[in-house]
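Next come the chains, spelled out residue by residue.
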Amino acid sequence: NAGVMQNPRHLVRRRGQEARLRCSPMKGHSHVYWYRQLPEEGLKFMVYLQKENIIDESGMPKERFSAEFPKEGPSILRIQQVVRGDSAAYFCASSPPPTANTEAFFGQGTRLTVV
Amino acid sequence: AQSVTQLDSHVSVSEGTPVLLRCNYSSSYSPSLFWYVQHPNKGLQLLLKYTSAATLVKGINGFEAEFKKSETSFHLTKPSAHMSDAAEYFCVVMGGYSTLTFGKGTMLLVSP
Numbered sequence: 001n002a003g004v005m006q007n008p009r010h011l012v013r014r015r016g017q018e019a020r021l022r023c024s025p026m027k028g029h030s031h032v033y034w035y036r037q038l039p040e041e042g043l044k045f046m047v048y049l050q051k052e053n054i055i056d057e058s059g060m061p062k063e064r065f066s067a068e069f070p071k072e073g074p075s076i077l078r079i080q081q082v083v084r085g086d087s088a089a090y091f092c093a094s095s096p097p098p099t100a101n102t103e104a105f106f107g108q109g110t111r112l113t114v115v
Numbered sequence: 001a002q003s004v005t006q007l008d009s010h011v012s013v014s015e016g017t018p019v020l021l022r023c024n025y026s027s028s029y030s031p032s033l034f035w036y037v038q039h040p041n042k043g044l045q046l047l048l049k050y051t052s053a054a055t056l057v058k059g060i061n062g063f064e065a066e067f068k069k070s071e072t073s074f075h076l077t078k079p080s081a082h083m084s085d086a087a088e089y090f091c092v093v094m095g096g097y098s099t100l101t102f103g104k105g106t107m108l109l110v111s112p
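Chains as they are written, first to last, in the numbering used here: chain A, 1 to 115; chain B, 1 to 112.
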């Protein structure tokens, strides 16, 4: 059973370009979470998705950022018109339907560098 | 709402000496608490978790943590540090929908 797979591991974009980050959850997991880690900071929650449904996007910036988790295929975090401040590590986690003892499993992260 | 405070941004120990990484939490209900470790340029690995069972939780690599409700603490300890323990450690509380709130992290430095 492969773990949570994120790709690419490293992504370089010029200012103004679009960045697409992919996350394939663990087999059997229907819930995906995205977190962002800025330099010198802990991880900050961005968005929580179930297949075809956004459950909580309270941590998403209001503009340029969007996320989806289609019925088939990976979850995608999309950043339009990237700026230098978007440079960060983006981590995806997946879990089965949450209960009191649910554990989220993290991917290796995608490190986005905006030049 | 829940929050986590990691009291030290950096902790330095010598190899073979005990490790103590401090964490205090705030939660409006009985929390689930975790410690994660992140080695440089790597993903996050779960060290241990507390989910209202035993208050002393044993994790991987000899780490353990004790949940103290009266002190709202969940400190991480290890009796004897190893060079390979050098990494960043995150204390985490689980909120609604299983979303995780992370502390700012404690960098553990281990010297020979």
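Treat the hints as calculated values from the structure; they're not laboratory data.
Ideal Cβ placement from N, Cα and C applies to all residues, glycine included.
There could be a bad hint or two in this list.
Within a straight-line C-alpha distance of at most 25 Å, the following computed BS3-like cross-link-like pairs (lysine-lysine) qualify [claimed, not checked]:
| hint | chain 1 | residue 1 | chain 2 | residue 2 |
| --- | --- | --- | --- | --- |
| 1 | B | LYS68 | B | LYS58 |
| 2 | B | LYS104 | A | LYS27 |
| 3 | B | LYS69 | A | LYS27 |
| 4 | B | LYS104 | B | LYS42 |
| 5 | A | LYS44 | B | LYS49 |
| 6 | B | LYS68 | B | LYS49 |
| 7 | A | LYS71 | A | LYS51 |
| 8 | B | LYS49 | B | LYS104 |
| 9 | B | LYS42 | B | LYS68 |
| 10 | B | LYS68 | A | LYS62 |
| 11 | B | LYS68 | A | LYS71 |
| 12 | B | LYS68 | B | LYS104 |
| 13 | A | LYS62 | A | LYS51 |
| 14 | B | LYS68 | A | LYS27 |
| 15 | B | LYS42 | B | LYS69 |
| 16 | A | LYS27 | A | LYS51 |
| 17 | B | LYS49 | B | LYS69 |
| 18 | A | LYS44 | A | LYS62 |
Going by beta-carbon spacing under 10 Å, a handful of chain A positions derived as facing chain B [said to hold, decoys possible]:
| hint | residue |
| --- | --- |
| 19 | LYS44 |
| 20 | VAL83 |
| 21 | GLY85 |
Status of the hints after comparison with the structure:
no.	hint	result
1	LYS68/B with LYS58/B	15 Å, holds
2	LYS104/B with LYS27/A	30 Å, violated
3	LYS69/B with LYS27/A	36 Å, violated
4	LYS104/B with LYS42/B	17 Å, holds
5	LYS44/A with LYS49/B	19 Å, holds
6	LYS68/B with LYS49/B	14 Å, holds
7	LYS71/A with LYS51/A	6 Å, holds
8	LYS49/B with LYS104/B	18 Å, holds
9	LYS42/B with LYS68/B	30 Å, violated
10	LYS68/B with LYS62/A	38 Å, violated
11	LYS68/B with LYS71/A	42 Å, violated
12	LYS68/B with LYS104/B	21 Å, holds
13	LYS62/A with LYS51/A	22 Å, holds
14	LYS68/B with LYS27/A	35 Å, violated
15	LYS42/B with LYS69/B	32 Å, violated
16	LYS27/A with LYS51/A	13 Å, holds
17	LYS49/B with LYS69/B	15 Å, holds
18	LYS44/A with LYS62/A	15 Å, holds
19	LYS44	7 Å, holds
20	VAL83	23 Å, violated
21	GLY85	18 Å, violated
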